[in-house]
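Trainee: Sequence:
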Amino acid sequence: MPELPEVETIVRELRTRLTRRRVESATVERADVVHGDPRPLDALIAGRLVKTVDRRAKRIIIELTRNLRLVFHLGMSGRLTIDDHDNPIAKHTHVRIGFGREIGELRFRDPRRFGGVWVLTDAGEYVGKRLGRLGPEPLELAAKGFRRILASRRQIKALLLDQSKIAGLGNIYTDEALYAAGVHPMTPADALVEPIAGQLLRAIKQTLRRAIRARGSTLMDYRTVDGQTGSFQRQHRVYGRTGQPCRKCGAPIERIIVAGRSTCFCPRCQPL
DNA sequence: CGCATTTCCTGGAGGC
DNA sequence: TGCCTCCAGGAAATGC
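Okay, so the first sequence: first residue is 2 according to our numbering, each after it adds one.
Derived from the structure by calculation, the hints contain no laboratory data.
Careful: at least some of the hints might be erroneous.
When the alpha-carbon atoms are kept at most 27 Å apart in a straight line, the in silico DSS-like pairs for lysine-lysine are as follows [said to hold, decoys possible]:
#: 1; residue 1: 145; residue 2: 92
#: 2; residue 1: 166; residue 2: 206
#: 3; residue 1: 166; residue 2: 145
#: 4; residue 1: 52; residue 2: 145
Remember, it's a predicted structure, so these values are computed and weren't measured experimentally.
Please put together the full structure from these sequences, using the hints given.
Mentor: Dropping the structure here:
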C-alpha cells in the first residue's frame, strides 16, 4: 500500500526516466479510472513532452508541456511501471502511455481500483478541487504548524491519517512513527504537549526518511517502477509484527482497531 | 464546519 | 481441489 515513501521512490525513478521524453500514444483500457478532462487521452497528450515529475502527498504529478498534468493516485493496489512495448500486459492494466521504443510504456495497473488518474488541463481545477484539501507535507512541517494540528481531542492515530490535516502518512508509517515516539495511538492529540509533540514530529520525519532510503515497504503489491521490491518492511518495529516481541522491551506487539484501521503497537513502550 | 461511519474493489488466506 | 467467507485499506460520500 503506497504511502509517502513508496510514492517518493516511484517519483524519483519516473523523473529520471521520463523527463524531456515525448509521449507518443495513450491507451485507456478502463475509462472509469480516468477523471478530469473528458476528451480522448491519446489525442490530448500525444506529442507533448514530460516537463517535470513531482509528488504531493501520495499523489504523483506528471507535468506535460502546454499546461497539462496527469495526477496518479495509487490507492491500495496501484502500480506504475515502465515496460517494453512488447512485454505481456498484466491483468488490470487500465492505462498505458507509450514513449519512444528505447524508453518503453508507462503502465498503470490497479486491481482494486481505489486509485486513478486525473487529467488536469486547468491550473485552477488542479489546485482547488484536487489538491487544495491536502494538509502540509510532513517532511516540510515545522514544530509550530504541528502543534496547531494537534489542537484537537481526536485520537492521534486518526489525526495523522487525516490527509486534510497532514498529508502523506498511511497506516504503516503512522504506526511506526507512534512507536518510535513512544505514543499510544489512542492518545488524545491535545494531550501531546512538549517535549512529546516535538518527539513525535521528529519520529515522523525520521521514519519517512529512513523508509525512502530503503525505497519503501513491500508487503504485497508495491513495486518500484522497474519492478523491484522495497526493503523497509525489514525495519518495521510494530506493523505486521502482532504477537512478536517488541525489539526494545520484549513485550508482545498488540493489534487493536483505532479509527477503523488495524493498529499495531507495543503496550509497554506506548502506554496510554 | 467537524468528525465518525460507510462504502467502493479484488486477491489472497483460511476454514471445511 | 473447490467453494465460501473474511480481510486488507485510501479517501470520497454520507450522516449526524
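Trainee: Could you run down the list of hints and mark each one as holding or not?
Mentor: Now the hints, each set against the structure:
Distance restraint check for residue 145 and residue 92: the Cα-Cα separation of roughly 47 Å exceeds the 27 Å cut-off, and the hinted pair is therefore not satisfied. Proposed proximity of residue 166 and residue 206 is supported: the alpha carbons are some 16 Å apart, at most 27 Å. Taking the CA atoms of residue 166 and residue 145, the gap is near 14 Å; set against the 27 Å cutoff, the hint holds. The straight-line distance between the Cα atoms of residue 52 and residue 145 is roughly 34 Å, outside the 27 Å bound, and the hint therefore fails.
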